[in-house]
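Here are the chains, one letter per residue:
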Amino acid sequence: MKKISKLGLLILLSIVSTIWIGCGDDMPSTSKVPDDQFDRSTMLEHWVDGFIIPGYQSYLEVVDSMDAKAKRFAVDPNTSRLNDLRNNYRFAYNAWQEVSLFEIGKAEEVALRNNTNIYPTKTEEILENISTGTYNLALPSTIAQQGLPAIDFLIYGIGETDQEIVDLYINSPNQRIYLTDLTSRLTSLTRAVYNDWTNGYREAFIADDGSSASSSVNRMVNDYLFYYERFLRAGKIAIPAGVFSGTPLANNVEALYTPTPTINKSLYINSLTKFKDFFDGKSSYIGNGPSLSAYLEYIQNLTNGADVSGAITTAMDNAIVVSLDLNNDLNAQVIEDNSKMLETYDALQVITVLMKTDMLSTLNISVDYVDADGD
Amino acid sequence: MKINSYLDKTTKAASLAAFRILFGLLMLVSLIRFAALGWIDKLYISPNFFFKYTGFFWVHPIGEWTYLLFAFCGLSAIGVTLGYRYRLSIVSFFLSFTYIELMDKTTYLNHYYFISVMAFIMIWLPMHRYYSVDAYRDHNIRAQYIPQWTVDAIKVVLGIVYFYAGLAKINYDWLVNALPLKIWLPGSYDLPIIGGLLEQSWVAYMFSWSGMIYDLMIPFLLLWKPTRNIAFFLVVVFHLLTRALFPIGMFPYIMIVSTLIFFDARVHEKILDVFSKLIGISRSIFDNRVSLTTKQLAHHNWKIYIVGIFLILQLLLPFRHLIYPGNLYWTEEGYRFSWRVMLMEKAGTATFKIVDGKTGKRFYVDNKDFLTSFQEKQMATQPDMIVEYAHYLRDHFASQGHQNVEVYVESYVTLNGALSKPYINPKVDLGKESDTWTHKDYILEY
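These protein sequence lines map, in sequence, to chains A and B.
Read in order, the letters of the first sequence are residues 1 to 375 in this note's numbering.
Read in order, the letters of the second sequence are residues 1 to 446 in this note's numbering.
Think of the hints as simulated: they come from the structure by calculation, not from any bench.
Quick caveat, the model's predicted, so the values are computed rather than measured.
Any given hint could be a false lead.
What the hints assert, rightly or not - Result set (BS3-like, lysine-lysine): computed pairs, CA atoms no more than 30 Å apart in a straight line:
#: 1; chain 1: B; residue 1: Lys-346; chain 2: A; residue 2: Lys-106
#: 2; chain 1: A; residue 1: Lys-122; chain 2: B; residue 2: Lys-368
#: 3; chain 1: A; residue 1: Lys-276; chain 2: B; residue 2: Lys-358
#: 4; chain 1: A; residue 1: Lys-274; chain 2: B; residue 2: Lys-368
#: 5; chain 1: B; residue 1: Lys-358; chain 2: A; residue 2: Lys-340
#: 6; chain 1: B; residue 1: Lys-427; chain 2: A; residue 2: Lys-122
#: 7; chain 1: B; residue 1: Lys-346; chain 2: A; residue 2: Lys-276
#: 8; chain 1: A; residue 1: Lys-276; chain 2: B; residue 2: Lys-42
#: 9; chain 1: A; residue 1: Lys-340; chain 2: B; residue 2: Lys-42
#: 10; chain 1: B; residue 1: Lys-42; chain 2: A; residue 2: Lys-106
#: 11; chain 1: B; residue 1: Lys-368; chain 2: A; residue 2: Lys-340
#: 12; chain 1: A; residue 1: Lys-340; chain 2: B; residue 2: Lys-353
#: 13; chain 1: A; residue 1: Lys-340; chain 2: B; residue 2: Lys-303
#: 14; chain 1: A; residue 1: Lys-274; chain 2: B; residue 2: Lys-42
#: 15; chain 1: B; residue 1: Lys-427; chain 2: A; residue 2: Lys-340
#: 16; chain 1: A; residue 1: Lys-276; chain 2: B; residue 2: Lys-368
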């Protein structure tokens with residue numbers, strides 16, 4: 001009998017400790033983190049207060065005023081109001097580059113990026129929506145009929161001359177409605193995301209500072225890389241350069257219809273710079289703070305590992321230098337000398353490799369944040 | 001003579017009966033957990049492409065039927081637990097479980113392989129002669145005593161797992177640099193109590209060395225009676241610790257429960273007594289004083305040969321890496337099926353380029369069009385998967401009307417925290433290379 005109770009005790013002990021450990025995975029840690037450790041929650045705080053919330057705030061302001069200007073234009077379409085709207089649109093597109101990479105939380109839920117910046121925009125479907133007046137922009141199938149690329153088309157590409165464009169709006173109530181539907185949808189989606197961050201999600205995001213696959217740091221890093229690969233590297237450079245198709249697709253550049261001064265290169269450079277600033281923790285709102293470069297350096301010191309942070313910084317600096325050499329109009333660059341686009345892609349690809357292999361490996365972050373068993 | 005007298009030695013059948021019941025139950029729990037986590041769909045149904053094992057290209061994914069296969073496997077596990085039509089149950093468990101594992105190389109884990117190995121050997125052992133539905137219904141197969149070697153065979157399997165895992169830890173990075181633990185341990189900084197210690201370098205060294213010593217010693221400490229209790233205590237502590245530190249699912253529990261086989265038959269009888277109380281069928285019904293002899297069990301000794309040859313194969317297989325040149329961790333030639341558990345931190349990226357061999361026209365492949373992110377991650381660091389995927393891409397693009405398809409890969413891999421290096425020769429057309437057990441000379445040197 002004595003043996004059995006010993007065994008029972010052991011099994012009980014195993015079960016208890018399993019439950020204790022099992023819960024440990026999901027519980028926010030309440031214990032105070034010692035000083036010699038890298039403080040992930042400070043990093044999360046810096047991300048939210050230095051990049052995410054102020055980024056959305058300034059983007060929200062500029063889409064808000066774009067919406068107001070679109071409505072003003074719709075009331076009385078004329079070239080002066082059109083140009084007013086166009087200027088605002090340029091600011092909005094630029095501000096978007098700052099927040100596009102934060103597709104997390106509410107932004108992920110409402111698919112902010114898909115509803116804001118899917119290009120090339122489908123002009124035929126837009127024209128059909130305008131002529132029938134029936135459309136549902138909440139449907140996922142309509143993502144290429146709305147957002148900034150659709151506005152680009154509606155304010156620059158829909159007519160030959162400015163007067164022609166203004167006349168189209170004067171003659172088509174449906175077109176006026178469609179334009180303002182697009183601008184107000186951008187405003188309301190962005191406001192929902194901004195409000196979510198400022199009403200509780202900020203705290204929840206910072207508090208989830210654990211190491212599990214679904215913790216804030218892991219998710220943010222995954223989203224950051226996903227954004228870089230798909231939307232920055234592929235969307236802005238590789239796809240128009242024909243890297244994945246074999247044939248260049250010059251019309252797949254961002255902001256295709258915006259004429260001189262074209263903005264697609266500056267949008268790209270801005271997004272690349274913001275991408276680097278986030279890595280370095282360089283906030284234009286609150287100054288420097290801990291971010292991925294500091295985190296990498298901290299771990300490198302612990303493990304006597306290679307200087308991954310330095311390698312990434314060098315690769316990013318190089319990519320920016322190569323990129324600055326591009327034509328101000330990427331569409332023209334693809335048509336006239338695509339080899340420069342391909343060179344840019346190569347420089348961007350170096351960053352992909354370093355981040356996906358070396359950075360993730362050093363930071364112990366799983367590339368696929370859905371859990372799976374290991375050995 | 002000595003061998004014959006060993007084969008004549010008997011022990012209580014309760015040992016294998018208890019092992020059978022616990023093993024079956026744990027398998028059932030593992031399968032239910034796997035299904036509940038949504039992994040059947042995620043790993044076996046939603047991918048478009050599956051990585052096959054050399055020699056098992058005929059194993060095909062079966063779509064929605066996979067659910068049925070898991071159900072069948074679960075039912076077999078219940079059959080094993082109950083000892084109901086045991087031979088049929090264990091054979092169907094072994095086949096269905098192994099088929100699931102063979103469907104996609106991506107999900108290979110040493111502990112899934114362990115389960116296949118254990119299930120295979122259990123086919124040939126008298127696990128159902130005692131405290132089973134079969135023995136309850138048919139007193140002819142009922143036996144209170146069975147040959148000692150049938151219990152020892154299971155101990156040998158477990159001993160191999162531990163000892164070889166220990167041997168694999170005797171390498172420079174593991175012992176001298178405490179890698180990869182130095183990289184992994186800080187990741188669990190938020191564990192209660194020990195979390196704060198995990199970033200200390202000496203902790204990584206302590207874990208590396210004690211892990212190596214533990215793996216090498218534990219089979220012997222479990223075998224020797226005076227140290228058995230303390231050894232089992234160490235087993236529990238070790239596996240729960242690894243469970244806390246790493247995402248290794250059910251494996252710790254399976255190992256903890258399996259090592260109970262090292263105890264005296266009396267302990268196994270006590271375990272059966274617990275089940276007796278639970279279901280109200282007394283163990284004493286099976287105490288018929290009948291001894292199953294090796295002769296009765298194994299006509300013409302062929303079962304002994306199967307088990308013996310299988311165990312010898314298990315002893316040799318982990319050394320097959322010696323016939324390949326280069327760094328084993330880099331090339332992974334002969335890496336699997338060798339109990340190399342948690343030995344390296346490896347990550348990579350592989351970008352494939354499709355070239356028209358005549359015109360030179362080229363484009364890159366977006367891996368996400370064909371692979372899940374889990375598959376992409378696993379593929380990027382394993383040459384056999386890279387070449388298999390390259391063949392798939394070659395055929396895919398040829399069938400799409402592309403001409404003279406050549407497939408090149410630009411790949412980089414980081415191993416144990418060193419800066420990433422080029423992995424596969426980017427100048428080699430992988431479409432023309434074969435994926436066999438011979439050395440792959442297109443793997444660049446480490």
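Taking the hints in turn, this is what the structure says about them:
1. B:Lys-346 x A:Lys-106: violated (34 Å)
2. A:Lys-122 x B:Lys-368: It holds: about 24 Å lies between the C-alpha atoms, which stays within 30 Å.
3. A:Lys-276 x B:Lys-358: Not OK: Lys-276 (chain A) and Lys-358 (chain B) at ~40 Å, beyond 30 Å, violated.
4. A:Lys-274 x B:Lys-368: holds (25 Å)
5. B:Lys-358 x A:Lys-340: holds (24 Å)
6. B:Lys-427 x A:Lys-122: violated (40 Å)
7. B:Lys-346 x A:Lys-276: With Cα atoms ~25 Å apart, Lys-346 (chain B) and Lys-276 (chain A) stay inside 30 Å; holds.
8. A:Lys-276 x B:Lys-42: The given pair, whose Cα atoms are some 34 Å apart, is violated under the 30 Å limit.
9. A:Lys-340 x B:Lys-42: violated (40 Å)
10. B:Lys-42 x A:Lys-106: Roughly 25 Å separates the two Cα atoms, so the pair holds.
11. B:Lys-368 x A:Lys-340: holds (26 Å)
12. A:Lys-340 x B:Lys-353: holds (19 Å)
13. A:Lys-340 x B:Lys-303: violated (69 Å)
14. A:Lys-274 x B:Lys-42: Given pair Lys-274 (chain A), Lys-42 (chain B) is violated - Cα atoms ~34 Å apart, limit 30 Å.
15. B:Lys-427 x A:Lys-340: holds (23 Å)
16. A:Lys-276 x B:Lys-368: Given that 30 Å is the threshold and the Cα spacing comes to 25 Å, the pair holds.
Hint compliance for this structure: hints 1, 3, 6, 8, 9, 13 and 14 are not met, and every other hint is.
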